[in-house]
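Enquirer: One letter stands for each residue in the lines below.
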Amino acid sequence: MGYPYSHTSEVPIISEYFGDPEARTLDGWKARGGYQGLQKALEMSPDNVVELVKASGLRGRGGAGFPTGLKWSFMPKTKDKPHYLLCNADESEPGTFKDRELMRWVPHQLIEGCLIGAYAMGAEHVYIYCRGEFFEATQVLAKAVEDAYEAGIIGDDVLGSGKKIEVTVHAGAGAYICGEETGLMSSLEGDRGEPRVKPPFPAAVGAFGMPTTINNVETLAVIPHIIKNGGEWYRQWGSDKSPGTKLFCVSGHVNRPGNYELPLGFPLKDLIYDVCGGMIGDRALKAVIPGGSSVPLLSAEEAENCALCYEGVVEAGSMLGCASVIVMDETTDIVHQVTRMASFYAHESCGQCTPCREGTAWVTTILQRIEDGRGTEDDLDTLVELTEQMTGTTICVLSDSVAAPVQSSIEKFRGEYLALIRRGERVGAA
Amino acid sequence: MAKKTKQIEEPAVDLVTLTIDGQEVRVPHGTTLLQAAEGAGTEVPHYCYHPGLSSPAMCRLCLVEVEGAPKLLPSCTTTAAEGQVVRTQSDPATRMRRGVLEFYLLNHPLDCPICDQSGECELQDYVFAEGREHGRGRDAKRVLGRDDFGGDVLFYGDRCVMCTRCVRFMSEVEEKPLLTVVDRGNRAVIDTFFDQGLEQAEWAGNVVDICPVGALVSKDFLYKARAWDLKHTDSVCPNCSQGCNIELHTRDNLVHRIKPRTNPEVNGHWMCDYGRGRYEWLNRGDRLEAPVVNLEGRNRAMGWKPALEALKARIEALGDRSVKAVVSPFWSNEDIGEVTRLVDALGGGSVTFRSPRADDEVSLAGYEGLARRKDLAPNTQGAELLGCVRVGDDAGQGGLDDLADHDGVLLVLGDALDDVPDVVAPNAALVVYLGAYTSSALSEVDFHFPVTTFAEQEGTFTNHAGRVQRFWPALSGPGTARPAWLVLGALMGALQNAEGPSRADHAFGLVAKAVKSYKGMNYETIGAQGTPSQARETVSGD
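Same order as they appear, the protein sequences are chains F and H.
Heads up, the first sequence is in the working numbering, so the first residue is 1 and it goes up one at a time.
Heads up, the second sequence is in the working numbering, so the first residue is 1 and it goes up one at a time.
There's no promise every hint is true.
[Claimed, not checked] Per label pair, the in silico range of CB-to-CB distance:
| no. | chain 1 | residue 1 | chain 2 | residue 2 | range |
| --- | --- | --- | --- | --- | --- |
| 1 | H | Leu110 | F | Phe201 | 32 to 42 Å |
| 2 | H | Glu368 | F | Asp80 | 19 to 29 Å |
| 3 | H | Asp234 | F | Ala204 | 39 to 49 Å |
| 4 | H | Glu130 | F | Glu377 | 47 to 57 Å |
| 5 | H | Phe193 | F | Tyr273 | 49 to 59 Å |
| 6 | H | Leu110 | F | Glu377 | 18 to 28 Å |
| 7 | F | Asp80 | H | Glu130 | 42 to 52 Å |
| 8 | H | Phe128 | F | Glu411 | 42 to 52 Å |
| 9 | F | Glu304 | H | Pro51 | 26 to 36 Å |
| 10 | F | Glu411 | H | Pro51 | 41 to 51 Å |
| 11 | F | Thr78 | H | Ser54 | 48 to 58 Å |
| 12 | H | Ser54 | F | Asp80 | 17 to 27 Å |
| 13 | H | Ser54 | F | Gly162 | 50 to 60 Å |
| 14 | F | Ala204 | H | Glu368 | 19 to 29 Å |
Hint data in this document are derived by calculation from the structure and do not stem from the laboratory.
Ideal Cβ placement from N, Cα and C applies to all residues, glycine included.
Using the sequences and the hints, build the whole thing.
Expert: Here's what the structure looks like:
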């Protein structure tokens, strides 16, 4: 169920108990069918668990949409080294607030998913890396882990199966880049949170140099349900390429912003006008960022026919990312919005790769100058060219994340930039 | 024993064939594209990659186009694969480099006219070769300013390209992580930890060497010379028995700095701060410049010919006398070899040397076999192999008491006897001193012969492990100073009516004949990187 608002179009699987404080407790979770998925998984062979996840077609919910079962199958079968499962709870993408709710309301659902994943991949230790600013969510999760240890669900003998799985909740110090999987590993190890070059991939050399798989909170949260109900059951929602349901974090100029769990492929238009109760004050839609601030903007026309699944958003000219829908109405100053986003990425760049370190800051400086009315038309060409220099040239994709909104906004809203440059006219200015 | 664990053997090498810029290259399996290109004669621009350090692939300058890869790949970490087609000069690769170089210059102060690195700066070189003609930055540059990192190292933050070679050197090679990156994004800056600076390090000078730009500079060298005015001469560090390969950088006949020269068998890319900082003695001005002969109680300067004739006459007039010699292990094998030959020619006698020794070794944690040795002289091993015996204490003093009563001939090479309070060997029938400097102990010697230091002549040192290494003349000696081997060879030639060695390699040939473990060695086989001898089996040295 969506939180704080809900809607009849929703298919609440992982969000069913949002807003239900009882579901936070171990007993409350068990009363709601909790840990049955884990029990069932422990009765299966690890390989069968992986196969079942593969069959469900579940794709990673962290943004890239990589098939989860396939990712799990990359883990080496040999046991000469410890294996690790990392849960990426460093949810920092502007516009995204789904993992926080999953941890706040149903922490045991996540723990159950982690334990199933660890069992399937032969990992004896799970680290849940929480975003530094998630104080409440981290506390709730830590309490749940403690309770699960006491109940014998985590520990030397998981649910009496003889399997040993440890779970550690680790709080970051508040850095966007620690949500990048290899940056997260560096941070977890105590180093600066700096992404690493791939290859080697984490399944070969990951956290502490050991085979590691890293999954998003939402991905792991849905695992118990898939185990309990089967892959075919999960495939009844969504499209062939994007099966299942997804939490959509809607923010911006809509009447009812919040989290909504909807089948993938849901029309963006319906999400805005039906599920979210339409635009505030019935103003006209100007642009939508469909997947968190690092993906290209969609203009109102592009948003019109966009289906919210991985392939559908690509078709519309953007990416689903982590399905964080930021809705902007006609009063939005696009230049200001893009500048704000760019300054966020400039602030969060780890500073390793030159194109990102220098580029994100330079883009921000130029945008701020344009916003201040001191820009030139050449600046737009410079922005386009230097964001090209920032695309595909770095270790991780942070610098691409600045490039996408800058390029797409100049392409789609060039007029607003030019108005500022030529006449100092600002949209939405009083 | 020397800790040489690296076995040089020919393993069954798996070769892969790939094409780099249209040229077919065969390299061993595991070679990176950057190394493979280097082997094919193409330098791929790079900053963060250094052969002695790990590769974080973060400078993004070495990206190359690999056929079939969706993006440009970092050539420093991508290994060569069979059939790969690599393009370092294709349009995407050069466009990318141009872009990255523009980013580098965005906040760079362009203060080349006052930058010590100017002329040997990789940013300068790359930008001149491939950069944009004009920058597009119109905004104020970031200013970080200067910081004293401690020791000999000064940091100019604005010139830094954030390659982190220095940070990695300190953590991976010296294994004292005294440098780190502070903050992130374009506020990121290299820094020390509060009050803990590089004065706590023993190898910190290397961070100046590996800094590709003028961000880390040597305080000692600051503003002393422009890089293009310096003459570089291959040499061997004279400040301990490790024998690090070095370059002497000279201008106006003065050594301005010492830089390590790569030799994987001895010092890799590195050298210690102790060795690097001790070159001033090579620049001393108070040098002997002409032979000075004591004739009837008066010191007279004269040319070599009359001086040597006078010495020959004195020796012949003395007849058979006992002979003693004191040599310095800071002088070359060729010089010491000629002393031992002369002593033998005069009927034989003891040849001793004194050398300073430190209490402990300063090893480089991350590079096996490299240390500032206890033995602080460069050629102790060479002297011992020539039959010389070490006397005196660890300060390189004392041990000369037997000279007080010596009534025969005394030869002194190089050792200025600074610690001897009175006139040396007052009862000796003849004292000949061949050296660079004089002292009160030497005020009454019969023959003062000015000779060149190792930096002013060609020759060899034998390091602690018995490795014979060559050096070349970087400076010209003062006045009529000549290499000691040449002077002594001429003297012996005169005494025996024979030709003495006229070239350094001849002199070494005589040494190689005298020392069993140098068998078969000559200057050609020693080359620029040295040759190991079997010395360690026969001599207890370090």
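Enquirer: I want to verify a distance hint. Is the separation of the beta carbons of Asp80 of chain F and Glu130 of chain H within 42 to 52 Å?
Expert: 46 Å, holds
Enquirer: Range hint 39 to 49 Å: satisfied by the CB atoms of Asp234 of chain H and Ala204 of chain F?
Expert: 43 Å, holds
Enquirer: Is the distance from the Cβ of Glu368 of chain H to the Cβ of Asp80 of chain F consistent with 19 to 29 Å?
Expert: 27 Å, holds
Enquirer: Could one say that the CB atoms of Glu411 of chain F and Pro51 of chain H fall in the range 41 to 51 Å?
Expert: For Pro51 of chain H against Glu411 of chain F, whose Cβ atoms are near 44 Å apart, the range 41 to 51 Å holds.
Enquirer: Using the Cβ atoms, figure out if Glu304 of chain F sits within 26 to 36 Å of Pro51 of chain H.
Expert: 57 Å, violated
Enquirer: For the pair Phe128 of chain H and Glu411 of chain F, does the Cβ-Cβ distance stay inside 42 to 52 Å?
Expert: Since the Cβ atoms of Phe128 of chain H and Glu411 of chain F sit about 35 Å apart, the hinted range of 42 to 52 Å is violated.
Enquirer: Regarding Glu130 of chain H and Glu377 of chain F, is the given constraint of 47 to 57 Å on their beta-carbon distance met?
Expert: Because 28 Å falls outside the window, the suggested range is violated.
Enquirer: Note whether the CB distance of Leu110 of chain H and Phe201 of chain F lies within 32 to 42 Å or breaks it.
Expert: 41 Å, holds
Enquirer: 49 to 59 Å was suggested as the range; check whether the CB atoms of Phe193 of chain H and Tyr273 of chain F agree with it.
Expert: 57 Å, holds
Enquirer: At the C-beta level, are Ala204 of chain F and Glu368 of chain H separated by a distance inside 19 to 29 Å?
Expert: Given a distance of about 28 Å, which is inside 19 to 29 Å, the answer is holds.
Enquirer: Holds or violated: 50 to 60 Å for the Cβ distance of Ser54 of chain H and Gly162 of chain F?
Expert: 41 Å, violated
Enquirer: Between the beta carbons of Thr78 of chain F and Ser54 of chain H, is the distance compatible with 48 to 58 Å?
Expert: Because 26 Å falls outside the window, the suggested range is violated.
In summary, the numbered hints that this structure violates are 4, 8, 9, 11, 13.
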